[in-house]
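Each chain, written out:
There are 2 protein chains.
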Amino acid sequence: MAVHLLTPTHLHHPSSTPIPRRRAAASATASLTHPLRPHPNPRLRLATATPPRTGPRRGMSAIRSSLIDPDGGALVNLVAPPERRAALRAEAEALPRVRLAPVDVEWAHVLAEGWASPLRGFMREHEYLQCLHFNSLRLPSGGFANMSLPIVLAVDDADKDRIGAAPDVALAGPDGELLAVLRSVEIYPHNKEERIARTWGTTAPGLPYVDEAIAPAGNWLIGGDLEVLQPIKYNDGLDHYRLSPQQLRDEFDKRGADAVFAFQLRNPVHNGHALLMNDTRRRLLEMGFKNPILLLHPLGGFTKADDVPLPVRMEQHSKVLEDGVLDPETTIVSIFPSPMHYAGPTEVQWHAKARINAGANFYIVGRDPAGMGHPTEKRDLYNPDHGKKVLSMAPGLEKLNILPFKVAAYDTVAKKMAFFEPSRSQDFLFISGTKMRTFAKTGENPPDGFMCPGGWKVLVDYYNSLQTEGATAPAAATV
Amino acid sequence: MAVHLLTPTHLHHPSSTPIPRRRAAASATASLTHPLRPHPNPRLRLATATPPRTGPRRGMSAIRSSLIDPDGGALVNLVAPPERRAALRAEAEALPRVRLAPVDVEWAHVLAEGWASPLRGFMREHEYLQCLHFNSLRLPSGGFANMSLPIVLAVDDADKDRIGAAPDVALAGPDGELLAVLRSVEIYPHNKEERIARTWGTTAPGLPYVDEAIAPAGNWLIGGDLEVLQPIKYNDGLDHYRLSPQQLRDEFDKRGADAVFAFQLRNPVHNGHALLMNDTRRRLLEMGFKNPILLLHPLGGFTKADDVPLPVRMEQHSKVLEDGVLDPETTIVSIFPSPMHYAGPTEVQWHAKARINAGANFYIVGRDPAGMGHPTEKRDLYNPDHGKKVLSMAPGLEKLNILPFKVAAYDTVAKKMAFFEPSRSQDFLFISGTKMRTFAKTGENPPDGFMCPGGWKVLVDYYNSLQTEGATAPAAATV
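Residue numbers (UniProt numbering), protein chains in the order written: chain A, 1 to 479; chain B, 1 to 479.
Just so you know, these hints were derived from the structure itself, not from any lab.
For every residue, glycine included, the Cβ atom is placed at its ideal position computed from N, Cα and C.
Mixed in with the good hints there might be a few duds.
[Said to hold, decoys possible] Derived contacts from chain B toward chain A, CB cut-off under 10 Å, selection only: (1) 144; (2) 191; (3) 194; (4) 398; (5) 445.
Could you build all of it, start to finish, from the sequences and the hints given here?
As structure tokens, then:
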């Protein structure tokens with residue numbers, strides 16, 4: 001699988017094909033910002049002070065990856081350097097130990113690589129409260145970093161008793177292997193009802209992340225400074241796609257990107273997605289950017305049971321590039337290691353903020369980002385417009401250029417995915433994720449031009465395999 | 001009732017008694033700020049640029065009331081000037097009309113006088129979303145004004161249909177009398193579940209404000225620019241206590257205040273409250289302030305059914321001043337017209353923010369501010385420490401000095417209210433609001449020194465009157 005997908009090897013040794021320079025710079029600082037956005041502050045830094053770590057790309061020596069500063073000014077890295085690991089492991093062996101759930105490991109990964117910069121570990125109470133109430137953390141400068149999802153670690157009464165007054169604890173994975181040390185810990189109450197209500201705007205039963213990660217968790221939260229023993233790996237054949245924010249920034253340097261636009265997704269890529277990614281690139285070129293790079297950034301952590309599993313999605317994405325729907329020369333495919341909350345306007349801020357830390361200075365936002373159906377009522381959980389509105393006004397995201405989606409749908413006249421035109425709405429067909437999955441499950445073909453054939457086959461094969469397994473095993477859970 | 005209480009007449013003609021100057025300035029800009037507060041920014045302005053409207057107090061000509069700027073830089077005033085009222089009323093007569101509930105009138109009052117500056121009317125959606133998600137509004141300067149409670153007006157389907165595409169609507173009171181015009185209106189969905197969850201951190205049934213003002217309200221919200229026809233009055237014999245933020249600022253000017261410390265309350269004042277108000281004054285004098293003024297600021301809008309009604313509280317407060325427990329010379333008693341949400345850490349921000357607009361630059365915060373018992377579980381709804389923690393970190397409140405309570409309790413040895421000393425905790429008795437009300441209801445006397453006798457008698461008489469009425473009528477609702 002995925003032999004044709006961009007691999008880190010490919011990523012780190014880009015071909016020497018000249019970067020297309022279709023237009024001269026018209027206005028390198030023009031903004032694509034949403035009209036709602038009160039304080040656009042687009043930045044294009046063409047600094048020459050610090051050369052990229054691996055040297056500039058031929059012909060692009062004046063352009064740097066540092067298109068956008070990490071939150072807090074420096075990218076957090078909580079992975080112990082190799083020379084420290086033996087001593088750290090020895091230290092961890094002697095500490096009270098907390099066993100992590102799989103989702104906790106994903107968050108430790110997120111923290112360790114600096115996606116949540118400037119956060120340096122699981123939240124202490126003052127960070128948790130700022131996150132719940134303000135969706136942001138106050139910086140020493142007086143400004144704010146966006147931080148909308150609580151990144152917290154729950155422990156139960158027995159853990160709390162065992163830790164007692166110990167200042168530091170060791171964190172072990174689900175199988176008991178030592179992963180990290182959490183220092184200068186603070187233990188405070190885990191009011192689940194309040195956390196859920198303030199994060200999701202509902203306490204209705206059936207929220208996937210709540211069922212997976214909050215309901216079974218302990219009634220205390222433990223915050224502290226994290227240090228992981230070594231880079232976190234999943235050994236699922238996909239670790240080479242899990243580039244850290246620093247690795248992504250380095251790659252943007254190597255490619256000589258002068259704009260990076262991130263596309264967050266947790267679904268297969270159809271031609272409507274491709275249309276808007278390609279259209280975004282076109283608009284950036286028109287604005288005068290010479291080498292806009294697309295970060296196609298599927299979420300790789302916990303997803304709900306009926307989402308398409310990560311390995312299938314990665315294979316589907318590889319076919320989309322193979323089939324030429326997206327251009328491999330100007331696209332980087334990588335996995336975003338965060339778990340999914342399905343918390344709509346609250347979560348989309350996290351999705352955008354993390355991409356700032358990964359070096360993206362443009363973020364594409366669509367209808368109902370991170371949304372889902374209400375778990376107990378027949379309606380969307382969130383107003384589909386709130387995601388992009390909240391994102392456009394969020395504290396700490398001023399430096400990011402928000403690119404709202406135009407709505408794409410299937411044009412039954414042109415027989416392809418196209419931007420919706422209200423004046424001939426009867427010609428357009430909206431195919432939701434649920435409808436797409438139903439097509440694939442039932443073996444029915446979607447309309448021609450909805451998705452490239454190679455990508456569609458991956459989905460059909462996956463659902464076929466589920467039905468075969470169905471005779472002997474329950475439906476596959478997400479990874 | 002209340003003949004001895006400070007009246008506006010008294011307020012506007014303070015005695016010429018010299019203001020005590022007990023200490024020379026030690027450090028006029030020293031901060032009493034809570035250690036948690038990340039960016040204290042105490043301000044003491046001794047500006048001379050703009051003389052107060054009514055002229056400086058004798059001997060204090062260099063000191064101004066403008067100890068703290070209103071949010072947004074200028075105090076909002078949405079009351080039509082007298083010369084405009086006839087024309088405005090004629091205009092309003094011709095507009096589609098929305099009938100307000102009593103709580104809506106209280107909010108119109110709050111908005112009209114600028115307590116919610118820089119808000120100029122019921123929230124439009126972009127303000128509502130910022131309030132729900134960030135507890136703050138972005139200012140044109142790029143900074144933030146705190147705004148934690150949604151100040152919104154709900155309309156039902158019939159209202160919405162009647163308004164249609166009209167840009168402006170008239171607002172009428174519960175009895176149909178015209179009150180205001182709302183201009184350039186925007187109507188958007190009222191997702192009650194989400195509003196409740198994000199405001200209270202729970203959706204449990206039985207929240208008083210939800211039952212009173214949200215559950216019966218329509219499924220749409222209407223925002224716009226408010227203009228009220230004339231100052232809003234209640235004709236309950238207490239209007240003279242309802243000083244606007246501008247009137248309060250003028251009064252602080254007249255008194256030559258160099259610090260104003262606000263005390264929000266919705267309960268009778270006992271000697272523990274008085275202890276900490278007097279102690280705060282002592283601390284401010286020690287810091288070098290020469291004339292700190294206490295704003296004793298009972299909340300006058302909607303309160304829950306078992307709270308003590310406003311007229312009874314006002315009478316009780318007057319006895320506290322009469323009995324000399326608080327010093328009338330350095331205390332201003334006024335009514336804060338806001339309704340009560342009982343939304344804990346979210347609401348305490350509103351309570352503090354509104355007092356900035358009223359000119360207070362110090363704010364006293366206690367245990368579990370704006371808190372109550374969980375409506376369906378046997379616990380406090382909020383962690384009692386969260387209020388002061390959230391307040392100390394809230395965006396837009398940096399300019400306000402937060403003064404956390406020391407805990408006062410009844411010292412059974414000294415036979416008076418005193419600051420709690422953990423080393424002899426067995427000597428202290430905590431008397432909650434509920435316990436105090438139970439004492440008063442059952443005719444049992446609280447311990448000597450808990451409350452001044454005159455104040456206590458007001459409560460006993462009130463509960464006696466309820467029991468007398470009880471034979472023929474249900475218990476009195478709050479006012």
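Against the structure, the hints:
Look at residue 144/B: its Cβ gets to within about 7 Å of chain A, closer than 10 Å, so that hint holds up. Against a cut-off of 10 Å between C-beta atoms, the interface hint on residue 191/B holds, since the closest Cβ of chain A lies about 7 Å away. With its C-beta approaching chain A no nearer than about 4 Å, residue 194/B sits inside the 10 Å limit, and its interface hint holds. Taking 10 Å as the C-beta cut-off, the interface hint given for residue 398/B holds, the closest approach to chain A being about 8 Å.
Given hint, residue 445/B at the interface with chain A, is violated; its Cβ is 37 Å from that chain's nearest Cβ, farther than 10 Å.
Hint 5 from the list above is the single one not met by this structure.
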